[in-house]
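There are 6 protein chains.
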Amino acid sequence: MPVIRVEMFKGRTVDQKRQLVKELTDAFIRTCGGTPESVQIVITDVAKEDWGGAGILMSDKYPDKK
Amino acid sequence: MPVIRVEMFKGRTVDQKRQLVKELTDAFIRTCGGTPESVQIVITDVAKEDWGGAGILMSDKYPDKK
Amino acid sequence: MPVIRVEMFKGRTVDQKRQLVKELTDAFIRTCGGTPESVQIVITDVAKEDWGGAGILMSDKYPDKK
Amino acid sequence: MPVIRVEMFKGRTVDQKRQLVKELTDAFIRTCGGTPESVQIVITDVAKEDWGGAGILMSDKYPDKK
Amino acid sequence: MPVIRVEMFKGRTVDQKRQLVKELTDAFIRTCGGTPESVQIVITDVAKEDWGGAGILMSDKYPDKK
Amino acid sequence: MPVIRVEMFKGRTVDQKRQLVKELTDAFIRTCGGTPESVQIVITDVAKEDWGGAGILMSDKYPDKK
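Chains as they are written, first to last, in the UniProt record's numbering: chain A, 1 to 66; chain B, 1 to 66; chain C, 1 to 66; chain D, 1 to 66; chain E, 1 to 66; chain F, 1 to 66.
Calculated directly from the structure, the hints in this document are not laboratory data. Wrong hints could be hidden among the right ones.
Pairs of lysine to aspartate or glutamate, DMTMM-like flavour, derived with a Cα cap of 20 Å [unchecked claim]:
{"hint": "1", "chain 1": "B", "residue 1": "Lys-61", "chain 2": "C", "residue 2": "Glu-49"}
{"hint": "2", "chain 1": "B", "residue 1": "Lys-10", "chain 2": "D", "residue 2": "Asp-45"}
{"hint": "3", "chain 1": "E", "residue 1": "Lys-61", "chain 2": "F", "residue 2": "Asp-15"}
{"hint": "4", "chain 1": "C", "residue 1": "Lys-61", "chain 2": "C", "residue 2": "Glu-49"}
{"hint": "5", "chain 1": "F", "residue 1": "Lys-48", "chain 2": "C", "residue 2": "Glu-37"}
{"hint": "6", "chain 1": "D", "residue 1": "Lys-48", "chain 2": "B", "residue 2": "Glu-37"}
{"hint": "7", "chain 1": "B", "residue 1": "Lys-10", "chain 2": "A", "residue 2": "Asp-45"}
{"hint": "8", "chain 1": "C", "residue 1": "Lys-61", "chain 2": "E", "residue 2": "Glu-23"}
{"hint": "9", "chain 1": "B", "residue 1": "Lys-48", "chain 2": "A", "residue 2": "Asp-64"}
{"hint": "10", "chain 1": "E", "residue 1": "Lys-61", "chain 2": "D", "residue 2": "Glu-37"}
{"hint": "11", "chain 1": "E", "residue 1": "Lys-10", "chain 2": "E", "residue 2": "Asp-60"}
{"hint": "12", "chain 1": "B", "residue 1": "Lys-61", "chain 2": "A", "residue 2": "Asp-26"}
{"hint": "13", "chain 1": "D", "residue 1": "Lys-10", "chain 2": "D", "residue 2": "Asp-64"}
{"hint": "14", "chain 1": "A", "residue 1": "Lys-61", "chain 2": "D", "residue 2": "Asp-64"}
{"hint": "15", "chain 1": "A", "residue 1": "Lys-61", "chain 2": "D", "residue 2": "Glu-37"}
{"hint": "16", "chain 1": "B", "residue 1": "Lys-10", "chain 2": "D", "residue 2": "Glu-49"}
{"hint": "17", "chain 1": "A", "residue 1": "Lys-61", "chain 2": "D", "residue 2": "Glu-23"}
{"hint": "18", "chain 1": "A", "residue 1": "Lys-48", "chain 2": "F", "residue 2": "Glu-37"}
Negatives, chain F to chain C, calculated, CB over 10 Å [claimed, not checked]:
{"hint": "19", "residue": "Thr-13"}
{"hint": "20", "residue": "Gln-16"}
{"hint": "21", "residue": "Pro-36"}
{"hint": "22", "residue": "Gly-55"}
{"hint": "23", "residue": "Asp-64"}
All residues carry an ideal CB built from backbone N, CA and C; glycine is no exception.
Turn these sequences into a full structure, and let the hints steer you where they fit.
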């Protein structure tokens with residue numbers, strides 16, 4: 001009761017998500033108060049071909065190395 | 001016009017989604033008016049490793065049984 | 001844990017929102033299981049001038065009566 | 001800074017997304033100003049079984065042809 | 001069916017929103033097909049004090065002129 | 001390029017939002033990498049009468065003191 005949503009590039013490990021959820025929750029409590037139990041976080045992995053910046057797909061700007 | 005979004009744990013069947021969409025639409029019309037045709041519903045299945053509560057990933061709190 | 005979001009035209013009363021929150025929660029539990037305590041609902045009132053359909057602002061399509 | 005989100009039926013090609021991102025960015029700049037670099041676009045593909053309209057799942061209304 | 005969401009800085013006029021809704025709808029149809037009637041657009045005006053980039057509130061980075 | 005969204009109860013000060021934006025950005029970089037410049041954060045203040053939990057409006061559960 002806050003809800004925090006993170007949209008980021010696909011590819012982070014479960015361990016990175018584990019740390020992210022912990023640190024975002026702590027950051028919220030430190031700055032805005034409340035209890036950790038109230039903080040919900042939803043992560044969305046976004047593929048490069050579903051993200052555009054400056055009118056260009058990120059899969060075109062940053063193609064996967066071969 | 002309304003748009004209703006549901007983020008929930010992955011794992012519900014198509015039949016549960018079918019009932020959910022029907023009942024949420026009915027609930028909206030009963031309480032707020034309008035026509036069923038105007039109600040759009042988008043469901044997002046969220047994996048446990050993409051949901052955090054109290055600073056903990058749900059995949060750690062509720063690991064899949066083996 | 002689910003989170004339900006409702007975007008709808010501005011103008012519903014607090015009592016309509018009260019009923020909406022109750023009925024959407026019940027509808028979710030009936031069809032998808034879980035406990036009422038786990039259901040979070042966030043309502044967003046949208047002005048007609050911030051909603052477009054068929055390329056037209058709703059404030060142009062449905063102007064307020066005078 | 002703007003962020004534009006598009007939720008649409010699954011099935012568009014990468015080339016359609018490439019054009020979409022380009023044209024949405026141009027449309028924003030033409031009408032609201034700013035620079036292309038500032039425009040972020042996130043696309044979400046939604047399966048028909050996750051989209052409801054008029055209380056009916058789109059996978060029931062528009063079943064895949066066999 | 002698609003739903004397009006735009007989050008942008010507060011301050012655009014109704015006429016800019018009118019043009020934006022028209023042009024985004026056209027851009028979607030041209031690139032992804034479908035009918036204008038199916039395109040829903042929701043605009044959210046965001047205050048500078050509710051938008052952060054590079055860890056800084058936009059109201060600090062771009063203070064209103066006096 | 002991540003985008004982080006925070007929905008929270010209305011009432012935090014600009015200074016709390018300033019700290020929140022800084023700390024969430026730092027938390028993201030520490031755990032998931034990237035540069036501060038790439039992190040966009042959008043805050044949404046939600047009124048108690050627009051938030052429901054356990055089927056009850058927060059404005060009923062936590063009425064303002066008089």
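Would you list, in rising numerical order, the hints stated earlier that this structure does not obey? As far as the earlier hints go, 1, 9, 14, 22 are violated by this structure, in ascending order.
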